[in-house]
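Asks: Listed here are the chains, written in short residue letters.
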Amino acid sequence: MSQPTTVAAAHHHAPPQGFLRKHVFSLDHKVIGKQYLDLALVAVCTGMVLSWLMRFHLAWPETPIPGLGTLSPSGAAGGVITPEYYLALMTMHGTIMVFFVLTTAPFAGFGNYFLPIQVGAEDMAFPRINMTSFWVTLVAFLVLISAFVVGDGPPLSGWTAYAPLSAVGKDAGPGQGVGQTLWAVSITLFCVAQLLGALNFITTTLDLRTKGMSLARMPYSTWAWFITSVIGLIAFAVLMPACILLILDRVAGTSFFIPAGLVISDRLQPHAGGSPLLWQHLFWFFGHPEVYIAILPGFGIISHILPVFARKPLLGPRVLIACLVSIAFLSYTVWGHHMFLSGMNPFSATLFSVPTLIITIPATIVTLLWIGTIYGAKLRFTTPALFCLGFVSVFVSGGISGFFLAQPSIDTYLHGTYFVVGHFHFVMGVAAMFGIFAATYFWAPKMFGRMMSETLGKWHFWLTFIGVYCVFMPMHYLGLAGNVRRYSAFTDDYLKPLIPLHRFITVAALCTGAAQLIFLFNLIRTRLRGPKAPDNPWEATSLEWSTTSPPPFDNFGGRPPVVQHGPNEYGTRGAAGDYVMQASPQSAGPA
Amino acid sequence: MPGIATPPAPIVPPPAAPPTVAPRTITEPSPPQSAQTGVWIAIGTICMSFAALTSAMVVRQGAAPDWRHFQLPQLLYVNTLVLLASSGTLEWSRRRIAAVSVGAPGLVPRLDGLAGVYLTLALGLLFVSGQVIAWRQLAAQGLFLATAPSSAFFYVFTALHGLHVVGGLLGLSYVLRRLRRVAGPAPQIALRAAALYWHFMGALWLYLLVILATRV
Amino acid sequence: MGKLFAVVLAIITVVSTAIFVTHTWWLPVDISAHGHAIDHQLAETMLSSGVLFVLSQLALAAFVWRFGDRRDGRAVTTFPGGVTPMVVFAVVLVGAEVLALTFVGSKVWAGIYQTPPDPNSLQIDVQSEQFAFYFRYPGPDGKFGATHPELINEASENYFGLDPKNDVSARDDIVVPTLTIPVNRPVALTLRAKDVGHAFYVPELRIQQDFVPGLSIPLHFTATQTGKYEIVCTQLCGLGHYNMRAYIEVLPAAQFEQWLKDKAAQQ
Amino acid sequence: MRIRSRSLLMIALLGSAAMVTPGAPPAAGAISGKVTYTGTPPKMKPIDMAKEPFCARLHAAAPVLTENAVTGPGNALRWVLVYVSAGDQGSAPSTEPVRLDQRGCQYIPHVLVLQPNQPLDIYNDDSTSHNIHPLAKVNPEWNKSQPVGAPPIHTKWEKPEFIPVKCNVHPWMHGWHLVLATPHYAVSGEDGAFSLQGLPPGKYTITAWQEQFGTQTQDVTISGTETKTIDFVFKATPY
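Top to bottom, those sequences are chains A, B, C and D.
Reading the first sequence from the start, the letters are residues 4 to 594 in my numbering.
Reading the second sequence from the start, the letters are residues -6 to 209 in my numbering.
Reading the third sequence from the start, the letters are residues 399 to 665 in my numbering.
Reading the fourth sequence from the start, the letters are residues 45 to 283 in my numbering.
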């Protein structure tokens, strides 16, 4: 690691003048971070509305949804969702949530805003590339959303887009024509954006750390963003060529993923020799590291916020970093557990199940570190603290159900059922979201210079925490009963008795969804008219709290900080209380 | 769309007014090696992408007996020499500029070293047009993108590599403009990074030539 | 506030675990020779991870209950023994459990998917298509006719693209939408997909396998109980994915032979 | 897919002449006759609808047979379209809606004849979801589901074409939408009989089309109000 020889002063650039340069095409990593967060906010609202439609259709398939008929006459004539429209909603829900919310918000959004400040830099290493990566992500999101209004509707091959259903074209069903091509183009653009983003994160972390900010003294959220960008670099670099090959199969008539002799919609397809498993291998080689890209920033955020409200140092920070690194490495050896029953050689199923089970060990250690940190703490139950505790509990539930799916013998029964849906929603749909909520409540004072309302925050927490358990724990029971996922209606005899449980889940999902409006209202009201926030409302130690709220254009007002301590100085007698700021000259004595 | 991983454009100090008579006196401390780190990471990404495509080619070749071997156009070997030559001229001019400006960090002595960079740009363009001509020759033989999986992979590999070479050319021309106008070490750091990227383009092409010659 | 969190979390843990333990929603009856091994593996994992789940959730709840900030100037204390018990617990206990589950599990998996089928098992050709399963028996001559994708004509029920005009062995092939098999006799299926990816899943048989277009994938099992069960598709294959079902009828041996004879007569 | 180039048919269809003034119908002749077959037709196999319990229960008593070559008493051939392919003075295509039913997992009628821009209403009378997928080449192809409780689909075909229709969810469900420029057409019934009414005097080419056995044409001249009888005989092959 090259220790920066000179202070990063040379990296300054003049504050922007015009409105465009200041707010729209800005080079400032803070504006770009907020732009990513706003994009993720729009995306999560879209994704959530789609999930409401899906859940309502599953519970009451024949009841028309008012207004939907006019909104999408072909997909839901008369308000009754057709099977292909349900699958299209599911595909868009999955793609929007995984890419444009769980990768964009915790990694690109908060990472862009806080990584430079936390390492004491003025900005990212390459601001122009940083701006480009946001605008390419926005274009990717618009290309994806345009699938709703173009051709015969959005694609219906799921966020995993297995070939040949995704590669054959409009013969494979409605939505597989223009819609699927837009999906592939959107994901290719998203990959380009993330590669440029990851490049920025790694270079900034390696080169632009301020004086005294050694790697060991970096806050744990910075560590998480750094390791996530290394994973992202390799994962998205594999998904991009895979999507390019898929687009060529769809439009240029090549046969990378389509075998010979397929008769679809009574037509013999003009392809030969391709291998559908090749797409699955390429996709999941990216796919599993992607789920760690979604959760690792959450690990970093929780490890960063928990000590602040426990008022004591995080237990075993070096072990935490070792676990993050080992998870990052192991995440590239486990992709086959998505394909146990896919027709791949059965022997490799055993091969992939071993690292999958081994990766539970670092995950268990990280969870135990958090629980160990809470032991002997002086917990302050602010909203971000509650969301951290919620994160730990929900991550444990999600992780435990991973034990079942990691074993090929049990996966024989549980693969493709709601057990899998419950598992990944608990770990990604809820735990990662709790990470984003905790980060928002924790850093809102710093980002917007205004405090978010604690009472609304607590209402939001309790309704969401209980709500998500009511929505996603029953999915495990449905999975045990063999309820197959991605079904737009339950007409099988053995599924009919499960419909009341689906109705319970739908009601819980609608209530939990409504609870998110509290968060939305709280966030918007805070940004417009929230009470002024002090520089360090939570009495935290890391560098972002040693500057003003919101920070000036170059983060530290021309005086880059000199770091004396690590981020873990809580519970020690310091100048301003039981903590010592990273940049404070005074030595950190024992408590 | 410009090359996927155009070499990172390092921060330009506040756009100086057009070079006044006396070059700007303040010499800013040399920026950290971020351009260099950025290029190394970009190289890692590009390697991963081409590794994924290589594994896809190997799997696709084994998936079905329809892999049709064909003779690579001889022009590709000429193009290889052109690309290696362009790396050579770039390295020569980079070292010359570095040696010359050690003495006097002004603008004037550096100008004669730029000839090499211009030559590199020309050779780069020659390489890209050579590749397009090679495509034409292949098309003349009736081997198009969708004709056979082997030709499909040939076109995908050469297209992606060509795209990255064009990105490299854009980066080089950007660095060239800064070399002519900005004093101090910053442009040289950028030149060293751009040269590293360009040499990687050469190495990547050699790798592609080997796997294409053996498998296609 | 901390106490409220601890209580809510404890209730959630107890209720969820109770529903698991009392098998309110559980696997259907097992009618497969290899099913018992899978059920045992599932029960084993349910027990060990259930304990892990309850312990960690209740530990979290207990610590949150006890260590709220009561502003009594009490100094913070670190976990006894620091980080080593965490690492030791995770590596030793979880690691041991992981190895046990892997070792036992791999034998169960190998028994189903890595052993060749019994030589005298009943050969059936299964074709999945956009949104139905069709099963083909070789018929009295014991040989399957060749299939030609370009001759497929659903209107005249030629789902496999057989060419009875000049392929004698195809004339007596029996094509039915219901998989009818004898009880207690091994059955060897060959799974082929006509268009996109599908899957063959019978919860009662504890068996599941994807169809991959371009591949014909072997799958074998033995049904140990008669009755009519549902075959469903678990691989997303398009708009009719939810309706892509067939029935599997397990008949006593004599009744099956009679059924086979009747079908051959109808050809 | 029956190997029969549709382009031949298109030329015959486009031969119809200019508009005819509505006014009082002139003295009209008629053509009637019977469609029969020789040779052994393919055996109509019973359709096993086990996959769809709702339809299987409907047809439990009398299983439905495949309909690609439906025969009747006396070697009669059903579902054969007989229409005026040339010599028709042409008239405004009728606008009263045509109804297609999906009942018991079958298209009723199996062969639906209509004219360009004639309103077509598709109803789903079953309590299971159907998916109508007309494999049109000249007209724009579409593929829509009609779940239970969904309203009927109102659509139309602009250009004349013989369009096979399939249901993606039930593979055995097949039918035809035959879009004809001429209003003079008939579909042979159980007994293979057909009759074309209201033909002004003139020279006509009559074409008979069967989905598996192809087409046959005959020329007829109508001088006054008499009824000419012509018969079509198709050669049937077992496979």
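Just so you know, the hints here were simulated from the structure itself, not pulled from any lab data.
Incorrect hints may appear among the rest.
[Said to hold, decoys possible] Below, computed lysine-lysine pairings styled on DSS-like, alpha-carbon distance capped at 25 Å:
id: 1; chain 1: A; residue 1: 173; chain 2: A; residue 2: 499
id: 2; chain 1: A; residue 1: 499; chain 2: A; residue 2: 37
id: 3; chain 1: C; residue 1: 563; chain 2: C; residue 2: 541
id: 4; chain 1: D; residue 1: 89; chain 2: C; residue 2: 563
id: 5; chain 1: A; residue 1: 173; chain 2: D; residue 2: 200
id: 6; chain 1: C; residue 1: 659; chain 2: D; residue 2: 87
id: 7; chain 1: C; residue 1: 661; chain 2: D; residue 2: 89
id: 8; chain 1: D; residue 1: 78; chain 2: D; residue 2: 200
id: 9; chain 1: A; residue 1: 461; chain 2: C; residue 2: 401
id: 10; chain 1: D; residue 1: 247; chain 2: C; residue 2: 563
id: 11; chain 1: A; residue 1: 499; chain 2: C; residue 2: 626
id: 12; chain 1: D; residue 1: 272; chain 2: D; residue 2: 247
id: 13; chain 1: A; residue 1: 173; chain 2: D; residue 2: 78
id: 14; chain 1: C; residue 1: 541; chain 2: D; residue 2: 203
id: 15; chain 1: D; residue 1: 247; chain 2: D; residue 2: 89
id: 16; chain 1: A; residue 1: 535; chain 2: A; residue 2: 461
id: 17; chain 1: D; residue 1: 87; chain 2: C; residue 2: 563
[Claimed, not checked] A short list of chain B residues far from chain A (calculated; beta carbon distances all over 10 Å):
id: 18; residue: 27
id: 19; residue: 34
id: 20; residue: 46
id: 21; residue: 170
[Stated by the list, open to error] Stretch-level coverage of chain B by chain A, calculated; a stretch enters the list once three of its residues show a Cβ under 8 Å from a Cβ in chain A:
id: 22; region: 35 to 42
id: 23; region: 136 to 144
In this text the structure is predicted, and so the values were computed from the model without any measurement.
C-beta atoms are modelled at their ideal positions from N, C-alpha and C, and glycine is treated no differently.
Asks: Each of the hints needs a verdict: does it hold here or not?
Replies: Now the hints, each set against the structure:
1. This hinted pair does not check out: residue 173(A) and residue 499(A) have alpha carbons roughly 32 Å apart, beyond 25 Å.
2. Restraint check for residue 499(A) and residue 37(A): the C-alpha separation of about 46 Å exceeds 25 Å, so the hint is violated.
3. Taking the CA atoms of residue 563(C) and residue 541(C), the gap is about 16 Å. The hint holds against a cut of 25 Å.
4. At most 25 Å may separate the alpha-carbon atoms for a hinted pair to count; residue 89(D) and residue 563(C) meet this at roughly 17 Å.
5. Straight-line distance between C-alpha atoms of residue 173(A) and residue 200(D) comes to about 21 Å, which keeps the hinted pair within the 25 Å bound.
6. Straight-line distance between C-alpha atoms of residue 659(C) and residue 87(D) comes to about 19 Å, which keeps the hinted pair within the 25 Å bound.
7. For the suggested pair residue 661(C) and residue 89(D), the alpha carbons sit about 12 Å apart, so the restraint of at most 25 Å is met.
8. This hinted pair does not check out: residue 78(D) and residue 200(D) have alpha carbons roughly 31 Å apart, beyond 25 Å.
9. At roughly 14 Å between alpha-carbon atoms, residue 461(A) and residue 401(C) fall within 25 Å of each other, so this suggested pair holds.
10. Restraint check: the Cα-Cα separation between residue 247(D) and residue 563(C) comes to about 42 Å, which exceeds 25 Å; the hinted pair is violated.
11. Taken as a hint, the residue 499(A) and residue 626(C) pair is honoured in the structure, with Cα atoms around 17 Å apart against an allowance of 25 Å.
12. With a CA separation close to 12 Å, the supplied pair residue 272(D) and residue 247(D) stays within the 25 Å bound.
13. A C-alpha spacing of about 42 Å is found between residue 173(A) and residue 78(D), which places the hinted pair above 25 Å, so the restraint is violated.
14. Simply put, residue 541(C) and residue 203(D) have alpha-carbon atoms about 47 Å apart, too far for the 25 Å limit, and the pair is violated.
15. At roughly 41 Å between alpha-carbon atoms, residue 247(D) and residue 89(D) are farther apart than 25 Å, so this suggested pair is violated.
16. Taking the CA atoms of residue 535(A) and residue 461(A), the gap is about 20 Å. The hint holds against a cut of 25 Å.
17. With a C-alpha separation of about 14 Å, the suggested pair residue 87(D) and residue 563(C) falls inside the 25 Å cut-off, and the hint holds.
18. Taking the minimum C-beta to C-beta distance to chain A, about 4 Å, the non-interface status of residue 27(B) is violated against the 10 Å cut.
19. A Cβ of chain A approaches the Cβ of residue 34(B) within 10 Å, the least distance being about 5 Å, so the stated non-interface status is violated.
20. Not every CB of chain A is more than 10 Å from the CB of residue 46(B) (nearest about 5 Å), against its label as outside the interface.
21. Distance check for residue 170(B) against chain A: the nearest CB is about 15 Å away, which clears 10 Å, and the non-interface claim stands.
22. With 6 residues carrying a beta carbon less than 8 Å from a beta carbon of chain A, the region 35 to 42 of chain B meets the three-residue requirement, and the given coverage holds.
23. Interface restraint, the region 136 to 144 of chain B with chain A: holds (3 residues with C-beta to C-beta distance below 8 Å; minimum three).
Checked against the numbered hints given earlier, this structure breaks hints 1, 2, 8, 10, 13, 14, 15, 18, 19, 20; the rest are met.
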